[in-house]
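**Student:** These are the residues of each chain, in order.
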Amino acid sequence: MERRRYDLPVAATLRLQSRSGRVHVIAEARDDVDAETDSLEAFSEDGGRTLLIRSSRGGAKPLVVRCPLETDVVVGTQSGSVKGEGRLGVVRVTTMSGSIQVESAEEADLRTMSGSIEVGACRGSCRASAISGKVSVGSADAAAANTVSGSIKLDRVHGSVKARSVSGSIEMRASGDSPIAVKTVSGKVRIELPPGTEPATYFKTRGHVLCDFPRGDDCRIEAASLSGNIEVVPA
Amino acid sequence: MNATIERGVRTIQGTVMFTDIVGFTEFNALRGDEDALALLAMQERIVRSALSGAARIVKDMGDGLMLWFDDPCVAVETGLTLQDRFEQEAMSTDAPLWVRIGVHTGRQTMRGDDLVGHDVNIASRIMSLAGSGEVLASESTVVGADGRLPHVEFERLGPVVMKGIPTPINLYRCERAA
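Protein chains in written order, with my numbering: chain A, 1 to 235; chain B, 1 to 178.
Chain B extracted, bound-state conformation (with noise of 0.2 angstroms):
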């Protein structure tokens, strides 16, 4: 972990990724809690075994989840793979493990075990564009990735001006190569 100290706050260098389960709401009220919590969970468990090295679950969002990795690859590596792994799930069971993935690299400020700050901001945007199934990734991580990723396509979307940060994002979407 690259952490670097200024006037008290420590930052770190890395890739931040958010997910969110699709109509968690609408399946909470037509299935109720138990299931409800049995979808939760089941995410958590893909993702738990998804991740490697240094990345890790920063905090639960609810619905979704909030995660860290030190290198935007593998942060794009695992977004693709969870799909891969929620799709098969989905397919398995009738649970409709639909989730959107949203990557931005940057610097976050370390609050606890919590990371908090703009580049935090501009990934749960990201996420908030994508649909069920996909990953959605910022041109800070793509640059990140720096090539090292041949199976994998990035598809410029284009600049997105969002509420609240002051400058467009260009915003890629993530496939595995055909």
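One chain only, chain A, in its complex shape (with noise of 0.2 angstroms):
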């Protein structure tokens, strides 16, 4: 096992790689990184301001790195699954494999190929796309989320909402007053709204429609699916 420590610039990137294992972030009260693992190495970046560490081989031991709070974090990795604790700042993760879990970040791109995404909060927008894993949000800012299989469910979100799924099931919590575009093949899609909302709605579908609101300018609200049904209800 090795273990090493660095000091971080401010306002720095780190940036961290593993071709099979897993990684896991944790941001926590502290100024320097450090970093465990069963073999690592270390380099500067961008004139210093990136700190790139990477997972020698793969190995049984996880990546797991040490941060101060709000770090900006880049995560690539192939098969290893991906986890991020604590309060991040942008945090961009690409696995082809694995799950991603990412617990508060102040943005986020998150895509896997087979795995699946959950993300507890995110003060700013969040992406995520997956292709067979489903895709969770707790509550974001804005969100974008794709998906092939996976469902998506999106608890919270404040400003504007692109989902595609192609057979999951689309859910969603929203504000009310962005506007919110969802499509999906054959998944139906359900959309909560606060009461009293009154949105501009555009369904598309061979499935039934469901929509409690009467139709207003609050929000512009289009939802297609080919076979899927439409609702939206009140939260």
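The hints are simulated quantities; they were obtained by calculation from the structure and are not laboratory data. A hint or two may mislead.
[Said to hold, decoys possible] In silico lysine-lysine, DSBU-like type, Cα no more than 35 angstroms apart, as pairs:
1. A:LYS153 - A:LYS61
2. A:LYS61 - B:LYS163
3. A:LYS188 - A:LYS153
4. B:LYS59 - A:LYS61
5. A:LYS204 - B:LYS59
6. A:LYS153 - B:LYS163
7. A:LYS153 - A:LYS204
8. A:LYS188 - B:LYS163
9. A:LYS162 - B:LYS163
10. B:LYS59 - B:LYS163
11. A:LYS188 - A:LYS162
[Stated by the list, open to error] Stretch-level coverage of chain B by chain A, calculated; a stretch enters the list once three of its residues show a Cβ under 8 angstroms from a Cβ in chain A:
12. 24–31
13. 93–107
14. 126–138
15. 162–169
[Claimed, not checked] In silico negatives: residues of chain B with every beta carbon more than 10 angstroms from chain A:
16. ALA38
17. ALA50
18. ARG56
19. VAL58
20. MET66
21. ASP71
22. THR81
23. GLY147
24. LEU157
25. ARG176
Every residue gets a Cβ at the ideal spot worked out from N, C-alpha and C, and that includes glycine.
With the hints as a guide, bring the two chains together.
**Tutor:** Printed below as a string of structure tokens:
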């Protein structure tokens, strides 16, 4: 097991790479960066603004990195899952087959081909793209989510929402004052809005449509599905 | 086209783009072969109408296409134009023309009209990481564009470790500047 400590310049980005191991990033009250795994390498990039830590070879131990609160983190793995714990800055994760879990981020761009994506809270915009896994977001200022067969669940989005799924269902609770664009091929759509909202609705589906709101202009809702049902109901 | 011949193998420098219709299998199952073929034809018609100069369709990949461009700028610009046109077509019809696009600039080896090689494989892997409606490009494409696309924003997504590709690839999402 190898463990190293690094000083991280202010406003720096942490870039983490692992071919096959898991990556666990923990944001906590500290000034330095502490990295631990079987074997690792580290480099300074972008004139010292970026610290790259690379897990040298896939091992049994995950790459565990402890960093200051609100650090911007970029993670790239081939098959390992990625977990971000604590209050992180801008988080970008791309993994070919692992799942992604982020507790709290300023902004997030997360993509995986076969794992699921779970975000607790995103203070800015959250973009999540999965193929077969599901996408779940606790809260976000704005959200864009894509899946093929996985479901999409957006618990609380304050701003605009774009969600697209092929066969998975899409469920969301929105603020009712920002645009929503939702599309599926066969998945069902359920949108919850605050009672009293008067949305401008545009529906297109061969399935059933249920909308419990009078038409107005509080927010634009576009929902389209080839065969899935569409429901817009009070939260 | 900048071509070189090394040991009898003809290689060219250019930008490869892969497109892929997301959810094509489900659409085919729901709507049948006739509608599926119409969707493929719609994709090809839009792509052909967006190509100019030396750009060409290299081959049909089933539910996607492989394209080649002699200029990374043209590739990125075409990718964004295609997404706009796919979106317009999907809105005016009920066809889910949801397409993901990956772009990578490098060297390709010619095999008849086909192109093969490491850089072709990278372009394919990049496409597989794009969400529907997205254009993702490698760093070599962004560097090749060399600041000639002021109306395009390249959002850096970071290095991606891809299966079978020894070196991590820096990926960017291409979007029209607001």
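**Student:** Hint by hint, note whether the structure agrees.
**Tutor:** Each hint, compared with the structure:
A distance of roughly 32 angstroms separates the Cα atoms of A:LYS153 and A:LYS61; the hinted pair therefore holds under the 35 angstroms criterion. Distance hint between A:LYS61 and B:LYS163 is fulfilled; the C-alpha atoms sit about 20 angstroms from each other, no more than 35 angstroms. The hinted pair formed by A:LYS188 and A:LYS153 meets the criterion: a straight-line CA distance of about 12 angstroms does not exceed 35 angstroms. Restraint check: the Cα-Cα separation between B:LYS59 and A:LYS61 comes to about 43 angstroms, which exceeds 35 angstroms; the hinted pair is violated.
For a cut-off of 35 angstroms, the pair hint linking A:LYS204 to B:LYS59 stands: about 34 angstroms separates their Cα positions. With a CA separation close to 29 angstroms, the supplied pair A:LYS153 and B:LYS163 stays within the 35 angstroms bound. Restraint check for A:LYS153 and A:LYS204: satisfied, since their Cα atoms lie roughly 21 angstroms apart, inside the 35 angstroms limit. Between A:LYS188 and B:LYS163 the alpha-carbon distance is near 34 angstroms, which keeps this suggested pair within the 35 angstroms criterion.
Restraint check: the Cα-Cα separation between A:LYS162 and B:LYS163 comes to about 30 angstroms, which is no more than 35 angstroms; the hinted pair holds. Under the criterion of a C-alpha separation no larger than 35 angstroms, the hint pairing B:LYS59 with B:LYS163 is consistent with the structure, at around 23 angstroms. With a C-alpha separation of about 15 angstroms, the suggested pairing of A:LYS188 with A:LYS162 holds against the 35 angstroms cut-off. Requiring three or more residues with a Cβ within less than 8 angstroms of a Cβ of chain A, the coverage given for the stretch 24–31 of chain B holds, as 4 such residues are present.
For the stretch 93–107 of chain B, the assignment as covered by chain A holds, since 3 residues bring a beta-carbon within under 8 angstroms of that chain's beta-carbons and 3 suffice. Here the stretch 126–138 of chain B counts 7 residues with a CB under 8 angstroms from a CB of chain A, which clears the bar of 3, and the coverage holds. Remark: the stretch 162–169 of chain B is confirmed as covered by chain A, as 3 of its residues place a Cβ nearer than 8 angstroms to a Cβ of that chain, reaching the required three. For B:ALA38, the shortest C-beta to C-beta distance to chain A comes to about 14 angstroms, beyond the 10 angstroms cut-off, and the non-interface label holds.
In this structure B:ALA50 is separated from chain A by more than 10 angstroms, as the shortest Cβ-Cβ distance comes to about 22 angstroms. In this structure B:ARG56 is separated from chain A by more than 10 angstroms, as the shortest Cβ-Cβ distance comes to about 29 angstroms. Every C-beta of chain A lies more than 10 angstroms from that of B:VAL58, the closest at about 24 angstroms, which supports listing it as non-interface. With a closest Cβ-Cβ approach of about 20 angstroms to chain A, B:MET66 is found to remain outside the 10 angstroms limit, as its non-interface label requires.
The claim that B:ASP71 lies off the interface holds: its Cβ sits roughly 27 angstroms from the closest Cβ of chain A, which is beyond the 10 angstroms cut-off. The beta carbon of B:THR81 sits about 20 angstroms from the closest Cβ of chain A, which is more than 10 angstroms, so the claim that it is off the interface holds. Distance check for B:GLY147 against chain A: the nearest CB is about 18 angstroms away, which clears 10 angstroms, and the non-interface claim stands. The Cβ of B:LEU157 does not lie farther than 10 angstroms from every Cβ of chain A; its closest approach is about 5 angstroms, which violates its non-interface assignment.
With a closest Cβ-Cβ approach of about 15 angstroms to chain A, B:ARG176 is found to remain outside the 10 angstroms limit, as its non-interface label requires.
Of the numbered hints given earlier, the model fails hints 4, 24; all others are met.
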